[in-house]
Amino acid sequence: MKNNDRKKSLLQYKIKYATSSIIKYITLIFGAAIAIIPILVIFLSSIKTKKDYDTGGVLSLPTSVTFQHYIDAFTKGDMFTGFKNTFFILIVVLTAKIILGAAAAYVLHRFRFKGKVFIMTAFLVATFIPGIVNNIIIYQIISSIGLFNTLGSVMLLGIGTDVISMYIFLQFLDSIPVSLDESAMLDGASYFTIFRTIIFPLLKPAIATVGILQGVGLYNDFYTPYLYMPDPGLSTIATALYRFKGPNGSDWQIIAAGVMIIIIPTLIIFLALQKHIYNGIQGSVK
Amino acid sequence: MFNKLSYEAQKRIIIVLFTIIPIAMLATFTYYPLVRMIEYSFTNWDGLATNIKFVGLKNYITVFTNPDYFKVFGVSLYYLIATFVQLALALYFATILSFNVRFKNFFKGVLFFPYLLNGVAIAFIFQYFFQVNGTLDTVLKFVGLGAHTQLWLGNPKIINISLAAVSVWRYMGGNFIIFLGTIQAIDPQIYEAAEIDGANRFQQFINIILPNLKRIISLNLILALSGAFSAFEIPFIMTNGANGSKTFVMEALEVAFQYQKVGLACAMGIILLLICIFVTVLQKGLLVSED
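Here the protein sequences line up with chains A and B, keeping their order. Residue numbering for the first sequence follows my numbering, beginning at 1 and increasing consecutively. Residue numbering for the second sequence follows my numbering, beginning at 1 and increasing consecutively.
Same shape as in the complex, but just chain A (with noise of 0.2 angstroms):
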C-alpha cells in the first residue's frame, strides 16, 4: 500500500514538475520573442530587395540579399559625420568623467575633512533630481557662455551633469586597501603620486565599467544633442538618423538600415562586454 501511496505522489510531483517547467520556458520563448521580432523585422526590412519588400510581407523572408539600403542610408544621412561627432564627444567626455571621478571619489573615501557630509549629500540628493526639466536653465546659461551650436555644450552637459560615476569609483574604493596607502607614504610619496601611481592603474576595473556604461550613455542620448546642436554638421548618430527621417519618411527599407546601421555598434559592444555591463548595473546600484 505504502509502496503505490509513494508512487503515485512521486509522479504527482513529477507532473508539477513538468508543468511549471513547461510554463517556465513558454514564457522565457514569448518574453524572447517579444523582445527580438520587432528588431528582426526591420532587420529583414533592411536587407530586402525592393521587389520582395513590396510583394512579400513584413515576416517573410528574403529571396535575395541586398546591402544598397545600408549604403544608402549611410550616405544620405549623413552618418559619417553622425558617427564622427558622437566618437569626438565620446572621447572627449569619458577621459573627463573617469579622470574627475576617479580623483574626487579618491579624495572622498581616503579623507576626513570638514564639509565631506555636506557635499557628500549635496552629490546623493543630486541622484534623485530629475535632470530633462533642469534643461529650461541650462539653456541660458549655454547660450549666455557662448557654446551654443558647439560641440562643446553636449561635451560640457556630459560631463557637467553625471554623478553617478563618482559613485562606482566610490564604491570600488572600498577594495582597495589602505595599507597600500599607508606603505606608500611611509615611503615618502605624495598624495598625488598615491593617485596617480597605486590607487588610479587598480581602478581599472570600476574605470572600465564607467566608461562602458556612460559611453552607452552618451551614444544613445538624444535630446541634448537636439536641443543645443541643431547645426546638420554637428549631428550625433542619434540626431543624424532622426533628421534623416524627415524627408525620408514613408521609404522604411532605407530607415530600417539607419537603425540597423546604429544598433550593430550597440550589439558588438554587448557581446564583447557583456559580463562587464551585467557587473556595471548591478554594481551601481548598491
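Keep in mind that the hints are not guaranteed to be accurate.
Unchecked claim - Straight-line C-alpha distance at most 25 angstroms; calculated PhoX-like pairs for lysine-lysine:
| no. | chain 1 | residue 1 | chain 2 | residue 2 |
| --- | --- | --- | --- | --- |
| 1 | B | Lys11 | A | Lys275 |
| 2 | A | Lys24 | B | Lys108 |
| 3 | A | Lys114 | B | Lys11 |
| 4 | B | Lys141 | A | Lys50 |
No lab work stands behind these hints, which were simulated from the structure alone. It should be emphasised that the depicted structure is a prediction, and the values quoted were computed from it without experimental measurement.
For chain A, the structure is supplied; the task is to place chain B on it using the hints.
Below, chain B without anything else, positioned relative to chain A:
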C-alpha cells in the same frame, strides 16, 4: 615640489584640487538651475523680457486647473501603471532565470538587450511595429487574431497604452538585471535548507527572495516611478504628442521653448521634482513601517 610639503598641507591642496571641478559642475548644472526654476516658477517671465512680474502661485494653479495642462497627468497615469507591469515582469524573469534554466545566458541577453538601444532607433522600430499592416498587425494576422488589429498609434484611446508598452519593452531589461544580480547573491544554502523543509518554489520566492529584494525593489520602484513621470524621449520622437500622447515633460519643454512661458514651464518642472520627492518619501515610509 608637491612632494616636499607636509601631508597636512598636501591633504588640503589635493582635496580642493580633486573636488573643485565636480562641485562646480554640480552647482552649475544641477543646483543653480533648480534654484532659478523655483524662482522663475513664481513669475510670468517669457525668457526675453526684462520686466519680470511676481505672480505668486498662479502658474502652479494653472497647471492643476487648466485642462490643457492638466491632461498630461492623465497620460502619466498610463506610464505609472506600465511601471508596475515592468517591475513585475523584471521580478518574474529574474526569479526564473536565477534557477537552473537551459540557455540561461541567451534569454538573459535577449531580455536585457533592448535596454542598451538608442532611443531614436527604438522609436523608429516601434513606429514601424505599430503601423497599419506593420509588424504587430502582421503577427496578429499570422496567429489568427487578425480581427483585433487596431490603429495602435492612431486611436487616441489606446495610443498611450502602445507608447507605455514601448517604455516597458525598453526598460524592463535594466530592472531585470539588477534583480537577477541581487537574487544570485543570496546564499544557495538557504534554498537547500528550505527544500529539505519541503518548501516549494513559490514559498521559496515569498520567504527567501522577496525579503532580500525589498530594498532593491524599493529603489527600483522610486527610479521607475520618477521615470514614468519623466517619460519623454520615445513619445516625443514617435508621435510628438499627437493624439493625446503628450507627456508631462513634453508639455513643460514645449511651454518653455515654443510658447516662451518660462515661468509656467519652471512651475511644471518644480511640480515634477515634488512628485519625485513625494514618491521617494512615500517609499521610505512604507519600507520602514514594514520592518
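Original post:
What hint numbers does the structure not satisfy?
Top reply: Number 1 only.
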